[in-house]
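A.B. asks: In the order they appear, the protein sequences are chains A and B.
When you number the first sequence by this note's numbering, it's gap-free, plus one each residue, and the end is 1002.
When you number the second sequence by this note's numbering, it's gap-free, plus one each residue, and the end is 269.
Don't read these hints as lab results, they were simulated from the structure.
Among the clues, some could well be false.
Facing chain A, a subset of chain B residues (Cβ under 10 Å, in silico) [unchecked claim]:
1. P62
2. A65
3. V70
4. P72
5. A143
6. L163
7. G168
8. D173
9. D175
10. V181
11. T229
12. L250
13. E251
14. G254
15. A268
We treat Cβ as the ideally placed atom computed from N, Cα and C, and that holds for glycine.
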Amino acid sequence: MTISRRALLAAAASLPVAVAGHGLAATALAQQFATGYHPRAESIADGIWMVRGADEAIAMTNGGAIANSAFIATDEGTILFDPGPSREYALALTALAEEVTGKPVTRVYVSHLHPDHALGAAGFAPELLHALPETRRELVDEGEGFADGMYRILADWMKGTALVLPNGDVKPGDVTYGGRKLRLLALQGHSGGDLALLDHATGTLIAGDLVFNNRAPATPHADIAAWQKSLTELAAVPHNILLPGHGPLDTGGLNTGGLDTGGLDTGGQDAIAQTADWLGWLDGALHDAVAQGLDMAEAGNIAIPGRFAGVKLARYELQRSVSHFYPALEAELLPRL
Amino acid sequence: MKKSMICCLASVLVWSGAAWAGEYPADPLDSPMWDYRANEILGDAEVVFDDAVQVIVPQLAENQHVFPVTVDASALPDVKRIVIFADLNPIPVAIDYRPINARAFVATRIKLDQRTPVRAAVQTGDGRWHVSGVWVDAAGGGCSAPPVSRVKGDWAQHLGEMRGAAWPDHDDTRIRVSFRHPMDTGLVENISAYNIDTLSVTAADGTKLAEMSVFGAVAEDPVFTMIVKDAGEAPIAVSARDTAGLEFDGSVSRRAGVDLLAQAR
Ligand SMILES: [Zn+2]
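Just chain B, same shape as in the assembly (with noise of 0.2 Å):
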């Protein structure tokens, strides 16, 4: 718990700290954000375009609330985070992803605010960043429409629970978990921002798995997917906190992924 408002806090600096050093390489999506972005995000490291970085979504926003992201930078050696934004969302960075003993792969969802880029900056171990992206075309409100559950009025009844399963993946576990939680972008009218910002992956043994910080353009109700380096059968802990101190627990077993995969045809 500590542990993780440290690292939230370090994110937070080099966001808004780092002086812009010299030039970003030319933007293969030339975006009008980026040197913007660069600068606020990835700071004065080096910075590469790299198709190393797989950015996975799908052709079309069908709901720019709930648009999904994966990235799967596993081709690059010792990669320390991988952090998703889009360029022109008012909350550019949807999570800093630290795969501390995990595969460098992340999945989940974002809003989109306006037809952006959508990208993955992936950090290795020697500092520099490897980006890679692509335009989404998106419909106009996905960060300042209230979310469903605040319109429905029941988003308390069910804030914090928590869903999800454990797999076998090769020699590592993929992991998914789902939070019921309004993800409220403080870009709506009279509802202030609210929204989980810290998840941590923890092995029966102690050993931290992942760390995440989780911004407000993570879409409601987030669910997470990560494939991390632990081959046993014992369960895995998944805790999360919201800003407003919330903390949520839970954990994963293989066993449930498997009984799931009993059911599939």
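One chain only, chain A, in its complex shape (with noise of 0.2 Å):
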């Protein structure tokens, strides 16, 4: 049932795109799917390596391949953070860690529902994948809906993709693998759990998506106070890098070496600095556009700061926004008649 509900929407989704004139002809998306991914790993701290998606939406251009995963090395085998859209992408990841660390890939941690990091959770057994109880309990829920949308895009891209869920419950706290002492930090906010990770030894925080660097946060599932109050957390987490869920590699992080965040640089540099100023010009925004009488097409249109010029996607996780909060924002903010 769900395969051939797949089947058609594959289907449906080749046919658009040819008549929609989507500036690329078919014969260069066809070519697309004959090269496949070829995701790329960057040393960026002792034993640790970032794979870094595309800064685009989900498109047949990339695969979906937009979120970062990270590899880290230990003496059991390498770590991989967030296994990305689909299982072709999970066992390009595979063969790019083995490479790269010389271990293949022992442990999984899925960062949180969205497709566009747990669906590669499919090239994996489930017995390697870890992710928070509110994340498994979330993909229950959601993933095989977020499957059908991701082969509605994707078509070819998400070929043996089948919803897998984690096994292992992910406590938080420190815990010592292959050598490798790391902090497991459960928070919440972007979604319903929202999983970082510290690498004691380098100070390396990957932060999943509670942060975003230069790349506009997106917000489906996002409760805007409950994510506020996380990324305060994670700002106190000393830590000399951090590895965003989308966008560039942020090192103006905190190194104080202890929790006083009183020397915090909000300065444009620091990638959880400016997911918390996105966050409250969001709230703030479609809150006075409720009560300046606009409706939602309008309130996508507002303008951004010229402090987010260099925030990629701007516009388009604006208009997403306004779909995820204002109907509530209204129902909040109007008064009975």
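Dock chain to chain to rebuild the complex, using the hints, since each chain is given by itself in its own frame.
C.D. replies: Here's what the structure looks like:
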């Protein structure tokens, strides 16, 4: 049943793209399939590599590979943080991890439920997969729907990708794996369960989608107040560098060696501060739009402050956020008649 | 109330009975359904594609159950009707708006059943239709999935609850009003069609400001934004009726909008 629906959706998806003239000829798309995924690993700290996603929306041209992933080399094997959007991508990451670390992937953390981070779980045995209990609950509720949506947009890129639920429950706190001391942080706000990971030896903070860097935050499951609280907690975790869920590595993180965040530099280099700034602006701007009597399409066209000029996908994510928040804000703010 | 019914009836006649007298202009969107929908909705009046009709929509359909559409045709003189429709929806027409004493401006949210052109057809006093639109990509199921309130089962408790306000807008008054209503399309198994079907806006002195026929393609818990030519401080009455004959009445005032503005940054 699911398969036939997907086959249908995939077939439907292949038609409109050709008709639409999205700027790509059908032959270019076919070529994209033929060449497949080519993730690249960049060393960011001793024994840690980043694999950058494209700073774009999910599209045929990128195969959904828009989120960042990380490899952490340990004596036991490689830890993969976020297996990406599809089985094929996960397999490409597996091969790449073994190439750069010399050890196979033996543990996978899924940071949260979103399909660009989580559906690559299909490339691994459930025993290797670990996530927060809340993430598994959300995947049970919404994973199939996400998979259907991804098949519709990405067609062949998604082949063989079925929803695979992580077996392992992540408990927050310090763990040692393969001689590597890690701190697992159980947070929320971007979604119901957001996992972040600190590597103690190198001070590398892998933040998942709690932090976006020069790429506008996505809010389909966001609770902005909870997200801001999580950002405050992340800012208080001493770290040297931060790998965001989307956007480039942030080297402007804290290096205080303590919990005092008084010296936090919010001068525009810090991805935590930028994410908090965007969310604060977004929340206020949407409240104001309702107060001014704008409808949703108008609210999606309001001016975006100049300080976000370098933030990719700002208009796109603003319009998505209008869809996520506006009806509830109207119900809250407009008086009963 | 009687008047609304006549208007509604009239538009149904137009959409089912008109003979197609000739060729429509070639569709800039190249829709497979253009001629069919033009015949069904616009009939044999003259049709032109006209950029003076602004169809304002987001870059993407993040939620195909609630897709916002704003139409601004205030650059055209003597606008009589604004029809919002989606060629490839099973229920193509969402609203048929008649801005009697109102600006040629309307906003609402519609359901999208698949990738489709979303259009506004604006009829001026000379009978001519001015058409504009855009392709919108959407996942399937906007019209054939049950409304959230049906799934939650709480739709009856809140049925007809209205919210809204009015704001000064240049020399006119912008009004926004929302209704809790499932807006059932009749395309979901075991749930028959049930939607708000008429809406009217009346000034305190009884002057009719605007009327609208509303169809099942409008999103659940519908919201309407209009700009009426009434600059007074008196409340403006909004009343709607659904296909079960239930009536929903309320009034919006500028005071509410000004209070809201005072809370804005
Ligand atoms: Zn996410």
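A.B. asks: Now tell me, hint by hint, if it's right for this structure.
C.D. replies: Hints and how they fare:
no.: 1; hint: P62; result: 4 Å, holds
no.: 2; hint: A65; result: 8 Å, holds
no.: 3; hint: V70; result: 7 Å, holds
no.: 4; hint: P72; result: 4 Å, holds
no.: 5; hint: A143; result: 6 Å, holds
no.: 6; hint: L163; result: 14 Å, violated
no.: 7; hint: G168; result: 5 Å, holds
no.: 8; hint: D173; result: 8 Å, holds
no.: 9; hint: D175; result: 16 Å, violated
no.: 10; hint: V181; result: 7 Å, holds
no.: 11; hint: T229; result: 4 Å, holds
no.: 12; hint: L250; result: 15 Å, violated
no.: 13; hint: E251; result: 13 Å, violated
no.: 14; hint: G254; result: 3 Å, holds
no.: 15; hint: A268; result: 4 Å, holds
Against the hints set out earlier in the document, violations occur for numbers 6, 9, 12 and 13.
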